[in-house]
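Peer 1: Given next are the chains, with one letter for each unit.
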Amino acid sequence: MFGEYSIGDLGAIFAMQGFAGLILFSVYVLMALGLAIIFGQMGVINMAHGEFMILGAYVTWMTSNFFQTFLPSLFSGYFFVAMILAFIASGALGMLVEWALIRHLYKRPLDTLLATWGLSLILQQAYRSIFGAREVGVELPQWMMGSQHVTETIEVPINGIFVMCLTLLITMVVAWIMYKSRWGRQVRAVVQNRVMAGAVGINTERVDCYTFGLGCGIAGIAGSAFTMIGSTGPTSGQLYIVDTFLVVVFGGAASLVGTIASAFTISQAQSTMEFFMSGSMAKVLTLLAVVGILMLRPQGLFALKVRK
Amino acid sequence: MLIGHQPKDFLLAVEGLTVSFDGFKAVNDLSFYVEENEIRVIIGPNGAGKTTVLDLICGKTKATSGAIHFRDKDLTKMKENQIVQAGVGRKFQTPSIYDDLTVFENLEISFPRGRSVFGALTFKRDAVVRDRVEEVAEMIFLKDRLNMSAELLSHGQKQWLEIGMLLIQDPDLLMLDEPVAGMSVSERVKTAELLNTIIKNRSVLVIEHDMKFVEDIAHKVTVLHQGQILSEGTMEKVKNDPKVIEVYLGH
Amino acid sequence: MSDNARLVNRPELLGILALAVLLVVILPLTLDVFRLNLVAKYLTYAFVAVGLVICWGYGGILSLGQGVFFGLGGYCMAMFLKLEASSPENTKIQSTPGIPDFMDWNQITELPFFWKPFHSLTFTVIAIIVVPAFFAFIIGAAMFKRRVGGTYFAIITQAVAAILTILIVGQQGYTGGINGMTDLRTLKGWDIRPDHAKIVLYFFEVACLFGCIFIAQFIRRSKLGRILVAMRDKEDRVRFSGYSVANFKIFAFCVAAIFAAIGGAMFALQVGFMSPSFVGIVPSIEMVIYTAVGGRLSILGAVYGTLLVNFAKTSFSESFPELWLFGLGGLFIAVVLAFPNGLAGVWSDYVQPRIDKLMRKKSPKNGWTDTSVADGAPAE
Chain W
1 MFGEYSIGDL GAIFAMQGFA GLILFSVYVL MALGLAIIFG QMGVINMAHG EFMILGAYVT
61 WMTSNFFQTF LPSLFSGYFF VAMILAFIAS GALGMLVEWA LIRHLYKRPL DTLLATWGLS
121 LILQQAYRSI FGAREVGVEL PQWMMGSQHV TETIEVPING IFVMCLTLLI TMVVAWIMYK
181 SRWGRQVRAV VQNRVMAGAV GINTERVDCY TFGLGCGIAG IAGSAFTMIG STGPTSGQLY
241 IVDTFLVVVF GGAASLVGTI ASAFTISQAQ STMEFFMSGS MAKVLTLLAV VGILMLRPQG
301 LFALKVRK
Chain Z
309 MLIGHQPKDF LLAVEGLTVS FDGFKAVNDL SFYVEENEIR VIIGPNGAGK TTVLDLICGK
369 TKATSGAIHF RDKDLTKMKE NQIVQAGVGR KFQTPSIYDD LTVFENLEIS FPRGRSVFGA
429 LTFKRDAVVR DRVEEVAEMI FLKDRLNMSA ELLSHGQKQW LEIGMLLIQD PDLLMLDEPV
489 AGMSVSERVK TAELLNTIIK NRSVLVIEHD MKFVEDIAHK VTVLHQGQIL SEGTMEKVKN
549 DPKVIEVYLG H
Chain U
560 MSDNARLVNR PELLGILALA VLLVVILPLT LDVFRLNLVA KYLTYAFVAV GLVICWGYGG
620 ILSLGQGVFF GLGGYCMAMF LKLEASSPEN TKIQSTPGIP DFMDWNQITE LPFFWKPFHS
680 LTFTVIAIIV VPAFFAFIIG AAMFKRRVGG TYFAIITQAV AAILTILIVG QQGYTGGING
740 MTDLRTLKGW DIRPDHAKIV LYFFEVACLF GCIFIAQFIR RSKLGRILVA MRDKEDRVRF
800 SGYSVANFKI FAFCVAAIFA AIGGAMFALQ VGFMSPSFVG IVPSIEMVIY TAVGGRLSIL
860 GAVYGTLLVN FAKTSFSESF PELWLFGLGG LFIAVVLAFP NGLAGVWSDY VQPRIDKLMR
920 KKSPKNGWTD TSVADGAPAE
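Which chain is which? The protein sequence lines are W, Z and U, in order.
The first sequence begins at 1 in the working numbering and counts up one residue at a time.
The second sequence begins at 309 in the working numbering and counts up one residue at a time.
The third sequence begins at 560 in the working numbering and counts up one residue at a time.
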């Protein structure tokens, strides 16, 4: 299939598709970060994670409409406001869900999976009732449109660069929170020994609640980024949940670097292959490769050997 | 194949055994030999690597280097269930039984027959099985509790049940990790009695802190310290070894 | 006292008889053909649910990809029926007569090699069993031998379901794509579409279902059933009782896969088509909820759970389509939070004790719910 292209063409194609995959990469990283925090730190599988992302996307859409109607002069800056609102909305919903549902199920991971799936169905129907079944799209502000010409054949979309920088920033903030802040130490203490953490005065229930909220909030930001690559509908989130889980598992559940590396690998593989074959076959091949590798190396790419 | 490596009369030959967890050597170049029908006790301070040694022998932990020969088999290359089938039985430190099954079913599952998938599917609870289960149940003082859910047993009874499960397995090498820990005084006495009957006609490897108990049963004692052998020999010899007194018995 | 060699004890026998009377006598006599047909369609999912009782309820292996096996069985059957429906006489208006219509639409001019054996009914029946079992074996061996289980396994099976759906939809020249294989007509010349054929197929299906129920019951009552229970609780300990945990898990997963595939084949026969919408993530996880509602430890409960959820789905989505997803979502949450043992649990906790009281029986709880795994008691 590479036959009809010259080496130079191929280089340009790979580079362009690579940059085109940046937003997908960002969405994967943000979704996977949220999932990895919840799964890696709390052992909970959140099947409704995609719906938390879509909540963020809807919030972004509403914010952009609001700015367009009432504050057209400030429209160019709506995205930053939308992102923060998306984080707050998804995070708050996440904390509510943790309090009402998840905390009763910490010892039954497989049951959490079913319960959160039920939650995802309810959320999907709620979105359909509130926002309608039709998909909605967000208009980009002027400065994010267009692309930067790097060479004659390679051009880079500006929104891709922007979203990726944002993603890296958020990742660094999350890394700081989890590994450097006092709160992050509490989270890790709870992960390692819940009883002991409780005994030394950490409010484990509150830590769980905030952790879950943080994970869902990041999914909300992923939703903001998502509005740039696709239109938002009630079931859009469901399409991403399996991919994101594979990203998390592929990277090794507890490793931040692993999550980023695997998000990069998977999004780039898919984006590059999409140029040469239909999107669905690209997806099949990507997923097959990931599942195949996971069968050979189930602990993921970046897992530590620990004494059990 | 490797019989030349070891004198024939050793049942278990551990040679140059090392395991490291991220650079930390929990067991370091350890060698010892257990003969047929020998009762060997391993003692040592906490963190000396005693439980890890048992984990390595029964396949729960994989060795970094070294060899464990059981008769003519190399245990380091075998899976847990194959090691059990070869004749090594292990009792864990905390009672490890099947809570959702009855006492009878716990013992029956340990009966060494029908261990393949189709063997289990076609397994018949015939007179041989029933008699053996009842015989063992009598030995472990649980004859009148056969139909009770194992979950409802007391801590001591659970320990006995696990010993019973090993007994019915009829291993050639029996490994016990602190069999009397967490028991009441009367339970201890009964357990010691029980252990004295089940250790006959087989080799036994015991981890124990109760020195009185050790003196009663041990043919030979191995003292571990920081993953290595500090001293080895009869209880009398070990007790008088100044190194042992310093790191362990002195406290 | 009871002997474990016996397949069922008395309450279980009564439960099976009650289900048989319901399915063989009451429903066919009271429902019209249309409704009976719906029941037949629901019962195809009951095969999956019964398999999940063994695999998930007893083995603790949650597969979110049972739709894959349902689909494999269904597509094997559908391929045979489609080939029979695509005889050269029936398809003479096509540019290439004698091949399925969707192939013709996709400019395929020759029957692909993997379609050819499906001219034979014998091969098809064997394939319905062997193909899913083989797939389950590969997935199971790869995962369980490396000690991957629990949530990881659930996610991988889900990914497999996603892959197969995308593949079927994408390769429409070979599979019929999103529309699936439609217009299935005859089985060895016997028309499967008229009402009387549907009724014959219904009884055939019920017979197969009871076959699966008895196999499941046999597994549950054998020592293998008790090993599965032990494994669910303390997997590591089972290894030290001398059993290869992976092999037992693979077996349970393969049994569930075969049951699901039989259900899928029945679906193709009974409903007359097969499409990717019964393969993917959503149908797969819905099949899990049937088992959960019925009670994950109860074989018969799984059948009732399947029927109930599907009846609710049909009547709700006829009258209040928006409410159905809320209802289904709520059902997932309620079953998990409040009734982890499903209908069977409710029965054994609330209904059975009252019946016992009424009957003044002294026997302890041992209803048709299989909560008391302990009752394989020894003879005295």
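Hints in this document: simulated from the structure, not taken from any laboratory.
Just so it is clear, CB atoms sit at the ideal spot from N, CA and C, and this is done for glycine as well.
A couple of the hints might just be wrong.
[Stated by the list, open to error] Okay, the calculated bits of chain W under chain U, using three or more residues with CB under 8 Å as the criterion:
1) 64-74
2) 99-111
3) 239-248
4) 287-294
[Said to hold, decoys possible] Using 16 Å as the maximum straight-line C-alpha spacing, the simulated EDC-like pairs for lysine to aspartate or glutamate come out as follows:
5) U:651 <-> U:663
6) U:793 <-> Z:408
7) Z:370 <-> U:795
8) U:704 <-> U:591
9) Z:387 <-> U:750
10) U:793 <-> Z:524
11) Z:387 <-> U:794
12) W:107 <-> U:742
13) Z:547 <-> Z:524
14) Z:498 <-> Z:480
Peer 1: Compare the structure with each hint and give your call.
Peer 2: For each hint, the structure was consulted:
| no. | hint | verdict |
| --- | --- | --- |
| 1 | 64-74 | violated (count 0) |
| 2 | 99-111 | holds (count 7) |
| 3 | 239-248 | holds (count 3) |
| 4 | 287-294 | holds (count 5) |
| 5 | U:651 <-> U:663 | 11 Å, holds |
| 6 | U:793 <-> Z:408 | 10 Å, holds |
| 7 | Z:370 <-> U:795 | 15 Å, holds |
| 8 | U:704 <-> U:591 | 50 Å, violated |
| 9 | Z:387 <-> U:750 | 55 Å, violated |
| 10 | U:793 <-> Z:524 | 33 Å, violated |
| 11 | Z:387 <-> U:794 | 14 Å, holds |
| 12 | W:107 <-> U:742 | 48 Å, violated |
| 13 | Z:547 <-> Z:524 | 14 Å, holds |
| 14 | Z:498 <-> Z:480 | 23 Å, violated |
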